[in-house]
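*Asks:* Protein chains in written order, with the UniProt record's numbering: chain A, 1 to 77; chain B, 1 to 77; chain C, 1 to 77; chain D, 1 to 77; chain E, 1 to 77; chain F, 1 to 77.
Fair warning: there could be bad hints in the mix.
Put simply, identical chains are the same to the list, so a pair is met inside one copy or across any two.
[Unchecked claim] The calculated DMTMM-like cross-link candidates involving lysine to aspartate or glutamate, where the alpha carbons are at most 20 Å apart (straight line), are:
hint	residue 1	residue 2
1	Lys11	Glu36
2	Lys22	Asp39
3	Lys11	Asp34
4	Lys11	Asp39
5	Lys11	Asp44
6	Lys11	Glu47
7	Lys22	Glu36
8	Lys29	Asp3
9	Lys29	Asp44
Just so you know, the hints here were simulated from the structure itself, not pulled from any lab data.
Protein chains: 6
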Amino acid sequence: MTDWLPSLIVKTPAEGYDLAVKLARVAIKVTQPDAEVRDRLRSDYAENASALVAVSQVIATHFATVSAANNFWRGEA
Amino acid sequence: MTDWLPSLIVKTPAEGYDLAVKLARVAIKVTQPDAEVRDRLRSDYAENASALVAVSQVIATHFATVSAANNFWRGEA
Amino acid sequence: MTDWLPSLIVKTPAEGYDLAVKLARVAIKVTQPDAEVRDRLRSDYAENASALVAVSQVIATHFATVSAANNFWRGEA
Amino acid sequence: MTDWLPSLIVKTPAEGYDLAVKLARVAIKVTQPDAEVRDRLRSDYAENASALVAVSQVIATHFATVSAANNFWRGEA
Amino acid sequence: MTDWLPSLIVKTPAEGYDLAVKLARVAIKVTQPDAEVRDRLRSDYAENASALVAVSQVIATHFATVSAANNFWRGEA
Amino acid sequence: MTDWLPSLIVKTPAEGYDLAVKLARVAIKVTQPDAEVRDRLRSDYAENASALVAVSQVIATHFATVSAANNFWRGEA
């Protein structure tokens, strides 16, 4: 798993958001490597309001990191 | 979903807050793409004190990012 | 809702704290626009230790943003 | 409540920690102004492992803010 | 346990992510030193959607730290 | 409790991590001063997956602060 994240630098805020989502998902894989269990749990949290919001929090934290890495794409403004 | 977020730069703190709310909402869509399930869950967390506060936390995290991106609108002071 | 937040710049740390509280409360309004439901939920989380602490966390996150915006009121020291 | 927080600047990291604890406590007061209810809830979360850890999280967030405000007391090292 | 973390500086974002995972795991060891209990708890949170997401949050927080330490590997872009 | 934290500056990342753990523990003491109650709660959260992860989150937040205070020990790389 050494090539999945070549850089934190992306062209646009939307791509940065996608990267944040990816960073959030990888953590789940690392902690629960069994794809079958993950699929079961995924349907758990995707249908549970609290867990869904908690996933959003993880994405928000990664989005802060990716945004800072890209100097907030200030040149795009 | 590549045009929904052209920039993190907005004119005022209030617009920045709106953007933070939007960033929080998109995460829910990404994790639960089924609009019908989302609507059901939305009424869950909108009527549950803990989940509602958790949503506020996600918005607060995104507002920190958007505020930093805009240098806190210091020129507006 | 475009005039409620003209600036993040305030004179003192105490005013900054008040602003953080305000920023936390607005998120609740945005997610649950029905004032009657909000009042009911408010009494829920105001009497529940965990939810009360969670509200404090949201305020803490906004206070970090407001403090950074004001360069921590270092001139006041 | 305008004089309770004249400055974020304090002399030592230990004083900064005390200030972080104070900042965490004020949020509880703001959200639950009734002292009697607060006392009851306080014994709730002080004897509940999860709530106690959640309080620590709020303190940690405020300590980050206070530490940044004081340039991490680098001159003290 | 003084040699386990010689540096926060790593060559690539992917290595930075691995380090964030390691930093998250060490906290569990410090708080629960008994390996047998940890193994039991690990299977608990690896099969529980909410706990799994909470682990992701810890990793996200450490990834922010490691990314800042490495200036976001901007030279790699 | 004024001498327990003379500085945030430590020599290595591993010492910084130890300090983060200490900062997390002090918050528990401040909120629950009764050592006997703390011991009981400690066994609670040390054997509960969710609480254990929550403790990790607090440590992660303090580690971010300590790392920033030490400029991420970049000179050590």
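*Asks:* For each hint, tell me whether it holds in the structure or not.
*Replies:* Now the hints, each set against the structure:
Proximity of Lys11 and Glu36 under a CA criterion of 20 Å is satisfied in neither setting, with 34 Å inside one chain copy and 33 Å between copies. Proximity of Lys22 to Asp39 under the C-alpha cut-off of 20 Å is restricted to the intra-copy arrangement: shortest distance 16 Å within a copy versus 24 Å between copies. For the homomeric pair Lys11 and Asp34, neither the shortest alpha-carbon distance inside one copy (33 Å) nor that between copies (28 Å) is at most 20 Å. Proximity of Lys11 and Asp39 under a CA criterion of 20 Å is satisfied in neither setting, with 31 Å inside one chain copy and 32 Å between copies.
Proximity of Lys11 and Asp44 under a CA criterion of 20 Å is satisfied in neither setting, with 34 Å inside one chain copy and 36 Å between copies. Neither within a single protomer nor between protomers do Lys11 and Glu47 lie at most 20 Å apart by alpha-carbon distance, with minima of 32 Å and 36 Å respectively. When the C-alpha separation of Lys22 and Glu36 is checked against a cutoff of 20 Å, the pair qualifies only within one copy, where the shortest distance is 19 Å, while the shortest distance between copies is 24 Å. In this assembly of identical chains, the alpha carbons of Lys29 and Asp3 lie at most 20 Å apart only when taken from the same copy (15 Å versus 27 Å across copies).
For the identical chains of this complex, Lys29 and Asp44 are neighbours both inside a copy (16 Å) and across copies (16 Å), given an alpha-carbon limit of 20 Å.
Hints 1, 3, 4, 5 and 6, counting from the list given before, are not met by this structure.
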